[in-house]
Amino acid sequence: MLFNSYQFLLIFLPIVLIVYFLLNKFRLTKISTIWLIVVSLYFYASWNFKFLWIILASILFNYFTGLLLTGKICHRINNKIILTIGIIINILFLGYYKYTNFLIENINGIFHQNFNYMHVIMPLAISFFTFQQIAYIVDIYKQKIKQPDFLTYTLFITFFPRLMQGPITRGEEMLPQFLSLRTKVINWKNLSLGLFLLTVGLFKKVVFADMLSKWAVAGLSQIDSLTMIESWITVLSYTFQIYFDFSGYTDMAIGIALMFNINVPQNFNNPYIALDIQDFWRRWHITLSRCLKDYVYIPLGGNRKGTFRTYCNIFWVFLICGIWHGASWTYIVWGIMHGIASIINRLYKLLNIEMPKFAAWLITFVFVNISWIYFSASSISSANKLLLSCLNILNFDLPKIYGFDMRFRASGHSWEIYPLIIIPIMIFFIFNNFFRDKLTNFKPKPVYTFYIVFMMLAVFYNLVKPDYSSTFIYFQF
Amino acid sequence: MKEFKRFFIITLIVFVFSMIVAPVALINWIDFMIGRHHYSKTADYINYLIEQKNAKAQEYNEKYGYKIVFFSGSNTLYGINSKYIHEKTNLPVLNYGIHMGLEHYIFSEAEKILKAGDIVIMPLEFSIYKKNNSSIPSQLAEYLVTYGKDYSQKLTPVQKIGLAFYLIRLIIQYHKIEADPLSEEILSQTNDFGDFIANKGVVPDIQNNRKYINITESIPKVTNKNFALYDFIQFCKKNDITIFATTPFFYHKNTFTKAEKNAFENIKTFYEKNGVDFIGDIDTGCVFDEKKVYDFGYHANDSGQKERSDYFIKILGNLVFI
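For the record, the sequence lines run as chains A and B. Per the working numbering, the very first residue in the first sequence carries number 2; after that it's consecutive. Per the working numbering, the very first residue in the second sequence carries number -12; after that it's consecutive.
Looking at chain A on its own, in the form it has when it is part of the complex (with noise of 0.2 Å):
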């Protein structure tokens, strides 16, 4: 179930939130909690009933360790051993779903091996929810949080809205919320702004981001024959489509959670404004930023271990980074892209000379783009060669952008003027921050609720197309 799909904004959703409130009404509380969990867990099982246990079996072990971890129910273990041994568990775990056929190609290739590929499907949002487990006994660890309650736990882990694309939350700022009482009452001003986000993150998702995707999927698709013009127009097409996709799911799930009362943190800051990589990763995916920070470079050493250990560990951040999206030689290039031009933007500035904002913002925007290119691409080649395709002037062809619309046009996505005229206003919500002052300025008003229902019909009137089908690109995560 997507959040995307009539079952869940007519049927899912409105049930989840009715019976909650409800069961609060009538104090409840533990019935409720126990209710959104079990929602939780059915909106994860609906998408393949078999992943169910996986997530379980991941939450008990470390519940358990946490347990461990707080001298709950043995003592005499070393807590250093035993987050040691909780970590490395986590991480095989998720590296025996992740990366194990990788890891078998990779040794067939390197020594001309033959080992049989193992039958091994990737359970949903296994990257997220087991990334916030390790931060979750690390916590435990640090006594930054108390062990909570099983079902509290357990809900942290679950919670729909935010369970399959983030974002990363953590335990301090997540298990008070669940536990207070004030969350349990039904409050009209966060179901407003709830509302309201969910409805422009799914504008974002359904109008831009499903927009996009054709073009870019298209292109992608055809990466052999494009010309220079066609080329720009697939990585500008991935780079907006990902953005509005991701911050889209993301706008989603604060809104839904803030219908709940739970406050989950931002994601996303306008990331293409950003005048170099370190704002650019100050406003993208925060959440995932602030945890890789937290939980590997700070331990790595961060900046305390010399200029030569800093740039280490910034470049296995942005390593583990890639590795973290997926297993695929695309993404580790892609990590090491940001982890290389992270160490050159700090060497930059020990120059002290300032660049004109406009280059700086136009280099590190053109950097992203080129970066996004291997994030996309099916393989190392095929990324190559649609770099080389962007930078090739003699195949710029300009008369053949009609030519490019005939041959999109051929594989079923054309519709002319829709992006012309969706391009530009897309552009103006990037750089005018349009969503984000009008959620700062959000006001009980008619104007509102006219952006509501006009998103919402713009929505379902993507949605009620006989052949729509979308999923979120970082689904696969």
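Just so you know, the hints here were simulated from the structure itself, not pulled from any lab data. A virtual CB, placed ideally from N, CA and C, is assigned to each residue, including glycine. Any given hint could turn out to be false.
[Stated by the list, open to error] Straight-line alpha carbon distances no greater than 30 Å define the calculated BS3-like cross-link-like pairs of lysine-lysine that follow:
(1) Lys386(A) - Lys240(B)
(2) Lys26(A) - Lys(-11)(B)
(3) Lys215(A) - Lys141(B)
(4) Lys73(A) - Lys145(A)
(5) Lys31(A) - Lys(-8)(B)
(6) Lys190(A) - Lys(-8)(B)
(7) Lys215(A) - Lys198(B)
(8) Lys26(A) - Lys(-8)(B)
(9) Lys245(B) - Lys386(A)
(10) Lys240(B) - Lys215(A)
(11) Lys446(A) - Lys(-11)(B)
(12) Lys444(A) - Lys(-11)(B)
(13) Lys(-8)(B) - Lys439(A)
(14) Lys28(B) - Lys215(A)
(15) Lys198(B) - Lys386(A)
(16) Lys386(A) - Lys278(B)
[Stated by the list, open to error] Some chain B residues judged to face chain A by a derived CB distance under 10 Å, without partners named:
(17) Met(-12)
(18) Lys(-11)
(19) Glu(-10)
(20) Lys(-8)
(21) Ile(-3)
(22) Thr(-2)
(23) Met6
(24) Ala9
(25) Phe152
Fit chain B to the supplied structure of chain A, relying on the hints for placement.
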């Protein structure tokens, strides 16, 4: 807090109201607009082809009492010369190749002209094997807004709303409501049998994605669920119409991969399970020679068309007496 409560409730009411009013208005509008104008030249041309072929079908019915129908999309329109086959064999051969962009709709058009005793040969394009009855692709929508008055009765409200939006898009795109009439040049591209005859030589610089037909991309596992082709086969069986399936004309690079062969076997299995004989194999309609392609991997040029027509002349005699 009260004002937020009021806001939330009013927003929900307005939303629900809009969800009812807007669709009802759109459905009524599209019902009113369908067939009122010739919105698209492409649709007019497709309709011209259908009428031309229907007239030939009628002529065969009266003269021969049965007909042999080559039925599929443009691979047949370009790839079969029914006039040539008719002249060589004196058999009532009809080229019922229309446009695969109409997807399942072409089956309903074919059903109108078929009758007991007919023989249907289907070199269907690979894309048809993944299509279901519920989708209205853009090419079909473009056709239906002008020529779908009767067919629109069968559409669901959701499909009608989709059609309404498509018509709006079409009007914006062409900046006018009435398309120009078809030129003499376009009308002369087919002969009086409905075969495409303006496919001389090879169009230079065919883009790669239009040149090579990738089988694996087109064919998922073939199932019967909500599947127009399955319904069409049942229609033929019920009405005593003999059907054969075969490979479409298509251009392919070098040899077939294992995945392509598997995908093709899926198609054959589908026909086998539904009691339909398959003529030839994966390479029956395939050409590896670029010189036989006109402007698209599914479109034969005059040379490819003749070769394919000759192939069918060889085997038609056997089929008629089965």
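Outcome of the hint check:
no.	hint	verdict
1	Lys386(A) - Lys240(B)	20 Å, holds
2	Lys26(A) - Lys(-11)(B)	18 Å, holds
3	Lys215(A) - Lys141(B)	29 Å, holds
4	Lys73(A) - Lys145(A)	17 Å, holds
5	Lys31(A) - Lys(-8)(B)	26 Å, holds
6	Lys190(A) - Lys(-8)(B)	7 Å, holds
7	Lys215(A) - Lys198(B)	21 Å, holds
8	Lys26(A) - Lys(-8)(B)	17 Å, holds
9	Lys245(B) - Lys386(A)	26 Å, holds
10	Lys240(B) - Lys215(A)	26 Å, holds
11	Lys446(A) - Lys(-11)(B)	13 Å, holds
12	Lys444(A) - Lys(-11)(B)	12 Å, holds
13	Lys(-8)(B) - Lys439(A)	19 Å, holds
14	Lys28(B) - Lys215(A)	25 Å, holds
15	Lys198(B) - Lys386(A)	20 Å, holds
16	Lys386(A) - Lys278(B)	28 Å, holds
17	Met(-12)	6 Å, holds
18	Lys(-11)	8 Å, holds
19	Glu(-10)	5 Å, holds
20	Lys(-8)	4 Å, holds
21	Ile(-3)	6 Å, holds
22	Thr(-2)	5 Å, holds
23	Met6	7 Å, holds
24	Ala9	6 Å, holds
25	Phe152	6 Å, holds
When each numbered hint is compared with the structure, no violation occurs for any of them.
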